[in-house]
Structure formats: C-alpha cells, structure tokens
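Q: Read off the chains here:
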Amino acid sequence: MKRNLKLAVASIATSVAMALTLNAHAADVPESDEPIIIVQNNWTSQLVLSNVVGNVLSELGYEVEYVPSDSQLQFTAIANGDMHFQVEAWEGSMKSAFEKAVEEGMVDAGAHEAVTREEWWIPNYVLETCPDATNWEGLNACADQFATAETSPKGRFVGPPADWGKNYADRVNSLEMDFEAINVGQAATLWAELQSAYDRKEPIVLFNWTPNFIESKFEGTFVDFPEPAPECFTDAAWGPNPNATGDCGAPRGGWLKKAAWSGIADTWPKAWSVLQRVNFSNAQIAAAALMVDVDGMSPEEAAEQWAADNADVIAGWVE
Amino acid sequence: MDIAHTTDEARPWSGRALLALPLWQFFVVIAGGILLTTLWEGFARWPDDLVIPMKEWITRFFEWLGKEAAIGSYSFKDFTRAISDLLSYPLEWTEALLYRGIKPLGLPPIPWVAVVLGTAILGHWIGGWRLALFVGASMLYLSIFGLWKDSMRTLSIVLVAVPIAAAIGLFLGIRVTRSKRAAAIITPMFDLMQATPHMAYLVPVVVLFGFGQVPAMLATVIFAMPPMARCAILGIQTVPQDVIESGRMSGCTPRQLLWKVQLPTSKKTLMLGLNQVVMQTLAMVVIASLVGASGLGQKLLFSLQQLRLGAAVEQGLAIVLIAVVLDRLTQAYAYRETIHYSATTSFFQRHKHLLLFLFILIVTFIAANFHKELAILPKKMTFTLGREIDFAVREFSKNAYDYIGPVRDFITVSILLPIRDFYLWLPWPVLVGCIAVAGYRLGGFPVMTLTASLMLAIMLFGFWEPAMLTIYLVFSAVVICILIGVPIGVLASRSERIAKVTMTICDTLQTFPSFIYLIPVIMLFKVGDLSNIIAILAYATVPAVRYTYLGLKRVPEVLKEAAIANGCTPRQKFWKVEMPFAIPEIMLGVNQTIMMALAMTAITALIGSRDLGQEIYRALPTADTGRGLLAGLGIAAIGIIADRLISAWATKKKKNLGIE
Amino acid sequence: MSDQVQISCRNVWKVFGPDPAGFMKRHGGQPTTEALASEGYIGAVQDVSFDVGAGEILIVMGLSGSGKSTLIRCITRLNDPTTGEIDFEGNNILTAKPKELIELRRHKMGMVFQNFGLLPHRSVLSNVAFPLEIQGIDRRERNKRAKEMIELVGLGGREDYFPRELSGGQQQRVGIARSLAVEPDVWFLDEPFSALDPLIRTEMQDEFIRLQQLLKKTIVFITHDFEEATRLADRIGIMKDGRLVQLSTPEQMVLHPANDYVAEFARNAPRDRIISVKAIMEPAAQNTPTDHPVTGTDRIGAAAERVLTADHPVLVIDHEGLPVGQVDRHAMTKALFGAV
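Protein chains in written order, with the numbering used here: chain A, 165 to 483; chain B, 92 to 751; chain C, 219 to 558.
Calculated from the structure, these hints are not laboratory results. Hints may contain errors.
As the list claims (entries may be wrong) - As a list, the in silico DSS-like pairs of lysine-lysine whose alpha-carbon atoms are at most 25 Å apart:
| hint | chain 1 | residue 1 | chain 2 | residue 2 |
| --- | --- | --- | --- | --- |
| 1 | A | 330 | A | 318 |
| 2 | B | 463 | A | 259 |
| 3 | B | 168 | A | 264 |
To be verified - One-sided and incomplete, this derived list gives chain C residues near chain B with beta-carbon spacing under 8 Å:
| hint | residue |
| --- | --- |
| 4 | 320 |
| 5 | 323 |
| 6 | 353 |
Every residue gets a Cβ at the ideal spot worked out from N, C-alpha and C, and that includes glycine.
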C-alpha cells in the first residue's frame with residue numbers, strides 16, 4: 165500500500181516535472197528513482213533472460229532489483245505491485261495462476277515467439293530396445309521395460325510434482341496404458357532419476373519440458389500423444405478411447421508470456437515500451453540456458469555474453 | 092495386574108515392565124476396533140464429508156487477514172508492511188557494507204581481504220592464534236571458491252536476524268521469569284513451535300509478508316528465537332541466590348537487578364542461547380530461500396535443480412563453515428575470561444586488535460581501487476571441485492547401483508510396502524484406542540486424554556492418510572536409526588578416539604544442509620519410500636548416537652567398579668549394569684530421533700511421497716495456509732504423542748533407578 | 219552497647235504453604251505445631267520477638283533448617299514475614315514501600331553472604347563500588363570510597379582482580395568491603411565464614427573483630443557454629459524449629475541453658491573463654507588473702523591457674539582494685555568442666 169502510494173506520488177511528481185520541462189524530450193529516463201523489481205525463478209533460462217532484460221533497463225538508467233520468487237505466488241505479488249516484471253510465464257504450468265492474477269489486475273505483457281511443450285520424454289537410448297517409443301502406443305508396447313519392483317508388471321512413469329496441475333494417472337487410465345504414474349516432490353528429483361538411469365542406460369520415461377537445460381545435457385525425445393482438442397476433455401467419443409475423456413496429450417506449442425504490474429506504464433513509460441517489445445525465440449532461450457548449464461557460466465555472465473551475441477535483437481527492443 | 096506390579100517392583104530396571112503390561116486391554120481395543128468397522132464404514136475410514144473444514148477456515152482467515160482486516164483506517168496489510176520496512180533498513184545497511192557498497196556515496200563494499208583478515212583478528216582477540224587461523228581459513232574458502240557474494244548475502248541475513256531473534260528471545264525469556272501468566276502462554280507455545288517443521292511457518296509468513304529477503308528473514312527470526320528465550324529463562328533462574336540477594340541488599344531496583352546482576356551473571360547461558368540462535372539461523376538458510384532469501388541457500392537449490400551436485404556441496408560447505416565460524420566465535424567469547432590491564436598499559440596495547448583492523452580496512456579500501464582482485468576475487472582466480480565431485484558421485488552411483496538395486500527392491504517390496512499397507516488399513520478406532528491405553532498405562536489419565544485427542548483431531552481435520560504415511564515412514568526410519576545409532580553410541584563410549592570422530596561426524600551431519608543428501612539418495616535408491624527413509628536416517632540417527640554415548644558415559648564409576656568387584660564379565664557388566672542405567676537417557680535420544688525424523692519429512696517431501704511433509708511442501712506455492720499449518724501441527728501432534736508416551740515411560744524408569 | 223534499640227522484632231511469623239496469610243488468620247495469629255503439620259504448612263519462623271541494641275553484636279545460631287536464615291531475610295525484607303512487626307530505627311519495615319525499602323538498603327543496611335554473592339563479571343573494585351554505582355554516585359567518588367574499603371579489608375593492590383582469581387577468604391573480604399561501602403548503620407552477616415576452611419575462618423573472625431572495634435556497627439550475625447558465636451557475640455539467640463529458644467549472653471547460656479537443646483550446644487563450648495570470674499564468685503570473706511587477686515571481668519581461663527594453684531579462695535577485685543568477691547578451687551573446677 166505504502167509503496168504504491170509512494171510510487172503514485174513519485175509518478176505524479178515526475179509528470180508534473182515533465183510538463184514543466186520546456187524542451188519536451190520524449191521522456192527523461194528514468195522517470196522514477198524507484199527500482200524496477202524483476203522476478204527471478206529457479207530455472208536457468210529464466211535467470212539468464214531476467215538478467216538480460218534487467219541489464220537493458222539499467223543501461224537505460226533505471227534502478228533494477230532482482231527478487232527471487234516462487235513460480236506460483238509471483239503473479240499475486242506482481243498484481244499487488246510488490247514485484248514488477250516476469251519474463252517467462254509458461255502456459256503448461258502457470259496458466260491458471262497467470263489468468264487468475266490478470267483478473268486481479270496483473271497485466272499480460274504479451275507472448276514470446278518461443279513455444280513451449282511439456283510432455284513425457286525418453287532418452288534416445290531407449291529407442292534401441294523400444295524403437296517405436298516416440299509415440300505413446302509404441303511406448304506402451306514395451307511398458308515392461310520401464311517396470312520397477314513396486315510397479316511391476318506395469319511400467320513406471322516418473323511424473324512432475326503433484327501440484328503442477330497435471331494428472332497423469334488419469335491420462336494413463338483414459339488411454340488404458342500399462343503404466344503407473346508416480347509423482348516426485350521437486351524437479352531436481354526428476355533429474356537425479358534421469359542422471360542415474362542415463363549413466364546406466366536403463367530405460368526410463370519421465371516428465372520433461374522445453375525449453376529446458378536437459379536438452380543440452382541429455383539426448384532424448386518427447387513421446388507423442390494425441391494432440392489435444394477441447395472435445396478431448398468433454399466428449400468421451402473423441403480420441404483413441406471411445407469410452408473416456410482426457411485421452412490426449414498436452415499441446416505441442418504452448419505459449420510463453422511476459423507478466424507485468426499495471427503501474428509500470430505510468431511509473432516508467434519508457435521502460436514499459438521496451439518491456440512490451442522484449443521477445444525471445446526457442447533458439448535464443450536454449451542458447452542462454454546452454455551457457456550456464458553446459459559452459460558453467462553464472463547466470464549474470466551468461467546474460468552479458470548473450471547480450472553481446474544478440475546486440476541487434478536488443479537494439480530492436482530499445483529502438 | 093497384581094502380578095505385573097510385583098515383577099515391576101522386584102526388577103525395577105529390567106525394562107520388561109512393558110511386556111508385563113496387561114495386554115488384554117490392547118486386545119480388547121484391537122478386537123473392538125475391528126468389529127466396529129463391520130458396523131459402519133466410517134470406522135474404517137473417516138468419511139470425507141464428516142471432516143471438519145478447518146483447513147478452509149484457516150486459509151480464509153489468513154486471506155482475510157492479508158487483504159481485508161483493518162483497525163480503523165489501518166489495515167493489517169499496513170501493519171505487515173510497516174514491519175517489513177522496519178526490518179529492511181538494517182538489512183539494507185548490512186548488505187551495503189558487505190557486498191553492495193553504498194551507492195549514493197560511491198563507496199564500495201568492504202573488500203574481501205579486509206573481511207577475511209578482520210574475522211581472523213576477531214578470532215585472535217577472542218580465542219588466540221588457533222581460532223584466528225581457523226576462522227580466517229574458513230572465510231578464505233568462501234572467497235577462493237567463488238562464493239563470496241552469495242556468502243555475504245547469506246551473512247547479511249544472519250547478521251541482522253541473529254540480534255533481532257536474540258533480542259526478542261531475551262525479552263520473552265525475561266517476561267516468562269517475571270510473570271506466571273506470560274509463562275503459561277509462552278512456554279507451551281515454544282514447545283509447539285519446536286515440534287512443528289520450519290517449513291510450516293513459511294506459509295503464513297508468505298501470505299502475510301510476501302516473498303523476498305525480508306519475509307525470509309522474518310521466518311528465520313521466528314524460528315531461531317525460542318532457544319534464546321529458553322536459555323534466558325534458564326540463565327536467569329539459575330543465578331545463585333546469594334548473588335541476587337546481594338544485588339537486592341545493595342539497593343537495586345528490579346530493573347537494575349535484571350540488567351546489572353541477573354543478566355551479566357548468566358552470561359555463559361545467554362551466550363549459549365545466542366550460539367543456538369546462530370546455528371538455527373544457518374539451519375534456516377536453505378529453507379528460507381524457498382520464500383525468497385537470496386544467497387547461498389538459493390544458489391544451492393538452484394545447483395541441485397541443475398543437477399550440479401558438486402557446486403551444491405561447495406555451497407553447502409560454505410553454509411557449514413559460516414555456521415562453524417560463528418559457533419566457534421560465540422562459544423569462545425562465552426568462555427573468554429576478561430583480562431585486566433594494569434594502569435600502565437598504553438592505549439595502543441589495549442586496542443591493538445581494533446587498531447590493526449582499522450588499519451587493514453583503510454589500506455585494503457585504498458588498494459582495492461587499484462587492484463580489483465582485493466575487492467572481490469574475479470572468477471578466473473577462483474577454484475572449484477564441482478565437476479570432480481559430480482563425476483565421483485555419478486561413478487559411485489553407477490557402480491554401486493548393481494549391488495544396491497536388488498537390495499532396494501527386496502526391502503521395498505517385501506518389507507516396506509506390506510508395512511505401509513498395514514498402516515493404511517489400520518482402522519482409526521484401533522490406533523486411537525491403543526494410544527489411549529498406552530497413555531493411560533504409562534502416564535495416567537492426563538497423558539491418555541492428550542495423546543488420544545490429538546490423534547482424533549488429526550483424523551477429524553482430514554489428515555488421516557498423510558498422517559498414517561508419516562507414521563509409517565518415520566517409525567520405519569526410527570527403528571533403523573536405533574539399530575544403527577545405538578551400537579555406534581556404545582562403540583563411542585568405549586573409546587575416546589572413536590567418540591571424537593563420531594561426534595565430529597554428528598555435528599557435520601546436522602549442520603550440512605539436508606537437501607544435498609537427497610540427490611545421491613535418489614540416484615541410488617530411486618524415488619520411493621526407501622529413499623525417504625534413507626534421507627531421514629542421515630539426519631535422525633545423530634541423536635540416537637549422541638544420547639546413547641552420553642547415557643553410557645554418565646554411568647557412575649562406582650557402579651562399574653562394583654560390577655567388576657562382584658565378578659561380572661565385561662559382557663555382564665555391560666548388559667546388567669551399564670545398559671539398564673543408560674536406558675532412560677537412550678530413550679530420550681529415541682525421542683529426539685523421532686522429532687528429527689518428523690522434521691525431516693518436510694524436507695524429504697522433495698523426493699515425493701504423500702505424507703504430512705508433502706502437504707506442507709505443497710501448501711507453500713499455493714499459499715494454502717490452512718493446509719500447511721494444519722499439516723505442520725499434525726506433525727507436531729505426532730511428535731507430542733510420541734514424546735509424552737516415551738517421557739512418561741522414561742520418568743517412571745528414572746524414578747525407579749533413583750536418578751533425579 | 220547502648221540502650222538505644224536499633225531493631226525490634228515482635229511476634230514475627232514466616233509460614234510457607236499454599237495460603238499463609240489465610241492460614242494465620244484462621245488460627246488467630248498463633249497456630250499450634252499440630253495445626254501447621256496437619257494442614258501442610260511449614261513455620262520457618264515462629265513467633266519470634268527480640269530487640270537489637272545500637273552497637274550490639276547479636277548472633278543468631280541454630281542448625282540448618284532452624285529458621286535463622288529466614289529470620290535475617292525477614293528483617294532485611296528479602297523475604298516478607300507472614301505476620302508480626304519489625305521496627306528498624308523506629309519505623310515499621312513491613313509497611314515500607316518498595317522505594318523506601320530500596321533507600322533503606324542503599325544507606326542503612328549492609329549484608330554479607332555465605333557464598334559471597336560476588337558478581338563474577340566485575341573486578342574487585344567494581345564489585346565493591348557496586349552499591350554506590352546503583353545509587354548513581356559518580357565514578358571517581360565511588361572508586362575512591364571503594365578503594366578505601368578494599369584497603370580496610372587488606373586487599374589493597376588487588377582492585378583489578380576478578381572474583382575467580384581470589385581465594386575464598388579473599389572473596390569474602392571483598393564481600394565485606396562491599397557491604398561496608400555504603401557505611402550502613404546495621405550490618406547483617408549470614409554465615410559469612412561457613413564456606414571457608416577452619417584456619418581461614420579463625421583468621422577472618424579476627425579480622426571481623428578488628429573491623430568491629432574500628433567501626434562499632436550494630437550487627438546481626440548468623441552462624442551454625444557455637445564456638446564462633448561465643449567468640450564474637452554480645453548476645454546469642456538460639457533457634458530451633460523456627461522458634462527462638464533462648465536469647466542471652468554466651469555466659470548465661472553456658473551457665474544457665476534454658477533447656478536440654480541449648481545445653482547440648484553449650485556442652486562443647488570453650489567455657490574458659492566464655493565464663494567470667496564475676497559469674498562464679500561468692501561474696502568475699504573477711505579473711506580472704508589479698509595477694510595476687512584476680513579481676514572480676516576476666517574470663518575464668520585467665521584466672522584458672524592462679525585459683526587452682528592457690529590453697530585458699532582468691533580475692534576478686536574490680537577495675538579500681540576494690541574487692542568484689544572471692545573464688546575458690548571448687549567453684550573454678552565446676553565452672554571449667556561443667557556441672558560434674
């Protein structure tokens with residue numbers, strides 16, 4: 165409340181000051197000394213890209229602060245004005261929280277060119293023993309290769325944390341697959357499972373997404389499921405199983421959006437115009453993640469390197 | 092019953108009293124409970140629609156508190172913001188000094204060289220050369236492993252949170268010693284707080300204060316404060332009567348008595364409290380990063396996320412080293428004897444440490460302007476073993492898996508899963524009934540009422556299944572902890588050398604961020620109950636070791652000599668004299684083991700399970716306060732039930748043995 | 219000793235239990251031993267009355283648990299008595315407000331404790347200056363006075379030591395210096411030498427006597443050591459089970475114990491150093507030889523050789539040399555060895 169008030173006062177003061185300035189520049193940057201708070205999450209691409217955006221703003225003369233936050237609660241904080249900008253909002257895992265926050269006053273600052281996908285995923289060596297595993301029917305045919313002591317004779321699917329809003333047990337039922345979906349508590353657990361299996365060339369099928377650092381470290385492919393349509397979830401007749409709803413996969417091209425506090429436009433007009441133009445492609449995001457995950461740079465260093473490599477892209481945002 | 096009583100009297104230390112309990116009461120409860128399930132489904136599994144919606148009420152209450160609650164024109168939100176603002180000032184200043192620099196004045200932060208040397212000088216002032224060398228080297232590690240900035244971020248939170256937690260703890264402790272009413276409210280609150288996993292506090296903090304450095308610090312303060320209060324109470328209450336009376340006879344007002352007599356006299360206990368606060372604060376570093384604390388904890392979680400175990404180990408070690416440095420410094424300060432200078436000692440002699448530090452500070456500040464390496468070590472010059480550690484762990488898991496895999500499968504399928512199914516099948520009247528009977532037998536009516544009603548509450552609020560899974564995991568782990576821990580404790584009590592090594596390992600295990608264990612455990616044991624149990628073991632075996640060691644160490648020499656004089660073989664001496672004497676102490680260790688294991692379930696939730704720990708962990712990102720708090724209290728309730736039953740038993744034994 | 223009364227206790231009771239005041243009221247202020255026992259109350263101090271004259275050394279003695287420590291704490295109001303009246307210099311101390319009480323302790327009372335009660339974090343100087351610091355006296359003044367006190371108790375040169383660096387006897391000297399720093403009217407000593415080795419204890423008793431000759435304070439002194447009591451006291455009060463059994467001079471106590479309990483204490487007393495010649499003399503006969511007379515105020519120990527080696531009664535004279543009586547071998551033997 166207090167901060168909002170302070171900002172409001174500040175923005176009024178700056179607009180008055182601007183009105184008084186005779187040589188009417190477009191805008192004197194920065195319009196406010198208050199820091200622009202950029203959200204940071206705990207996955208690589210987001211950390212690099214948030215630094216890239218932050219650096220662009222500080223070079224324009226803005227005070228920038230980074231605050232780490234959780235992927236779900238961040239949107240409420242942005243709606244409240246506690247934080248101001250999020251560079252990566254994923255359709256697959258954040259859609260409902262994002263949309264709820266937009267209702268509460270958060271601003272949808274547009275989508276990136278990049279598309280996202282979250283789906284079952286196998287390392288490529290699996291294809292040696294189960295050549296058709298790139299689609300769900302082929303995978304299901306060799307379900308027993310993925311069995312563990314607890315799930316035997318069914319195969320084991322290592323699923324995402326239960327609160328990521330994906331009910332794979334239901335999908336397994338709807339598609340009548342011979343798999344049992346287990347949930348991990350945290351993404352790191354997925355990767356530990358993957359690393360251990362990968363080193364031993366043990367068959368494994370697990371939840372993964374793109375863009376993600378995993379693709380730069382492990383060779384593998386997504387398993388294709390029936391492309392979803394709205395009817396998949398309402399009409400039992402739709403899809404491979406005529407008797408069940410939910411017999412389809414996740415969208416292969418989900419959106420990746422930016423989220424912003426509604427006050428940015430008034431408080432830092434110039435910054436707002438830049439942020440609206442910020443746009444990443446899949447290749448650019450993968451390159452950013454690669455520098456950290458494979459080359460071992462810190463996110464800050466990667467951001468600088470990325471900016472050097474993509475100077476023309478950034479120039480396009482700033483104009 | 093009479094028979095049971097006489098055996099009890101005849102061999103009070105035999106530990107067989109439990110076996111001699113009239114088992115028929117348990118049989119009645121078990122048979123009755125199972126019979127009830129045939130009458131009504133609800134006796135097997137409490138129907139969902141009869142669950143009291145306490146979760147929703149609490150969540151809504153906190154939402155209301157965070158959004159709407161107001162007194163007059165001041166909303167509760169204004170209040171929480173005011174606290175945040177208040178806390179952010181000292182934090183910002185410390186951060187400016189340690190790593191941000193004071194921008195408006197164009198001043199850089201204190202150069203790392205000055206911090207390292209400064210810590211060493213402080214170490215020398217407090218504890219001499221050895222301490223100086225140790226703390227200096229530890230701080231040097233932070234710099235040459237490239238962890239300086241993150242360490243300073245973490246240190247900033249610690250340096251601000253510790254005095255605040257200590258001050259609040261001291262204040263509350265003083266209140267407790269001065270007012271019976273305050274004691275009646277505060278003491279049980281602390282007990283409850285101690286039994287509740289830290290993660291559960293985070294949820295309301297997030298709802299009311301949001302994410303970021305300040306809320307994380309606040310959560311840390313809440314969590315680290317009780318030990319200070321406990322020590323303050325202990326310290327004030329154990330000031331010798333003579334000293335207090337001499338203070339009063341000198342004409343002290345109550346205030347003078349407190350500040351000039353009671354508090355300075357209990358300095359050692361208070362410093363111990365401060366030490367505890369420091370350790371707890373550092374134990375919170377990683378957990379606090381879940382609500383937005385930046386620094387080592389955040390970087391550590393990020394490293395784990397990226398599967399860079401080596402980096403996580405280095406960051407974890409940094410946390411441990413900061414903890415150990417602060418621990419050694421505070422402890423050395425507590426036991427430091429004030430030295431008296433003679434009147435002829437010069438000003439320079441008296442303040443040589445301070446002057447030397449100021450000199451270094453100024454020199455490095457100036458030098459850092461020309462040589463940037465002195466301000467912060469550039470990445471080129473830092474050092475890491477991260478990849479090597481990663482490689483070693485991967486190689487190990489790759490090679491060990493062939494041996495571990497079959498064992499894991501056997502234990503999981505043949506032992507753990509049947510036990511789990513049993514717990515999940517167990518009708519609630521049977522379990523509640525058995526707890527009630529045990530409570531009554533061991534501690535009479537009050538213990539029975541408390542324990543049974545806590546268990547009932549867990550069910551009525553809709554946490555039966557997660558609670559059962561928690562009990563299953565925790566008690567399976569505790570059994571193994573005892574099987575491993577007690578023999579190690581026994582071994583340690585036989586030889587000073589083994590004891591020293593064991594205790595060092597115990598200390599390290601307890602300070603090392605437990606998150607790190609999870610990754611190798613998952614690599615070796617896969618996601619599953621056994622991984623949960625093994626991760627719990629790594630942490631919760633420590634008290635079993637420690638208390639066994641202490642219990643055996645405390646057996647009076649005379650008793651052992653008497654045993655030898657009576658012609659006991661070493662084996663007889665151990666089983667017939669030492670062990671029975673140490674059993675009550677060992678049971679307290681078991682008690683602690685259970686507490687630790689319960690606390691660990693909130694962390695092993697990251698592996699994946701469906702227990703109460705998972706409920707807490709899930710509540711955090713969704714800001715589901717009711718779920719998180721109640722699940723936390725559920726864990727506390729299980730802890731309290733176990734504690735009351737075991738303590739009642741141990742008290743009985745101790746009385747029989749004539750200890751206290 | 220003067221006639222002026224410094225402290226006066228009247229019917230002081232200190233009862234421990236769930237509701238002491240109510241208990242006392244129910245029993246009309248005079249509960250019986252049976253009533254105490256049956257209702258689960260402990261009468262730590264029971265119906266004690268006595269006066270302490272200005273400049274007098276009153277020693278309260280008894281075994282542990284007899285109530286002597288509680289009694290001294292009632293007089294200083296470290297404990298609040300349940301009922302009774304205690305006048306300190308004519309003012310009822312039991313109705314004194316906390317503030318008045320603090321003033322009283324700051325200026326009129328000094329106390330020495332069995333375990334010294336020194337502040338471990340303060341130097342000798344700072345410990346002794348502590349009561350003055352509490353009053354807000356400025357550093358220079360209080361340090362000056364503390365130094366004087368430290369000189370007085372013979373610890374000069376150790377001002378900067380800490381209590382842990384001193385022996386028990388030295389620590390108690392600090393305790394004594396501190397209690398005297400405010401120049402109190404009344405000096406309370408609660409078993410001041412009990413925690414010390416026997417040799418040191420005698421040394422400290424001598425020190426105490428030296429100081430008292432210098433200072434002439436009114437003193438209430440607690441001990442469980444009868445010999446110590448007889449050595450230092452003007453009058454001794456013996457306590458048993460909370461009651462004051464006998465209050466008299468040491469000499470009276472030895473010669474006329476009030477009951478078997480007191481007699482038991484007195485049995486091992488150094489009679490030669492307690493009983494005066496005056497107490498055992500008889501009126502002088504006309505024919506008593508006047509050579510080598512003994513003085514009436516002398517202790518019999520000093521006169522014993524003369525009396526026992528004489529084959530006739532020895533004349534007793536006062537300070538002016540006038541005869542006041544005579545004492546014979548028989549009386550002397552009886553006095554020295556008790557009633558045979």
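Q: Determine for every hint whether it applies to the structure shown.
A: Hint-by-hint comparison with the structure:
Proposed proximity of residue 330 of chain A and residue 318 of chain A is supported: the alpha carbons are some 20 Å apart, at most 25 Å. With a C-alpha separation of about 46 Å, the suggested pair residue 463 of chain B and residue 259 of chain A falls outside the 25 Å cut-off, and the hint is violated. Of the supplied pair hints, the one linking residue 168 of chain B and residue 264 of chain A holds, its CA atoms being roughly 21 Å apart against a limit of 25 Å. Hint status for residue 320 of chain C relative to chain B: holds, with the closest Cβ pair at about 5 Å, below 8 Å.
Taken as an interface hint, residue 323 of chain C checks out: its beta carbon lies about 4 Å from the nearest beta carbon of chain B, inside 8 Å. Given hint, residue 353 of chain C at the interface with chain B, holds; its Cβ is 7 Å from that chain's nearest Cβ, closer than 8 Å.
Of the numbered hints listed earlier, the single one contradicted by the structure is hint 2.
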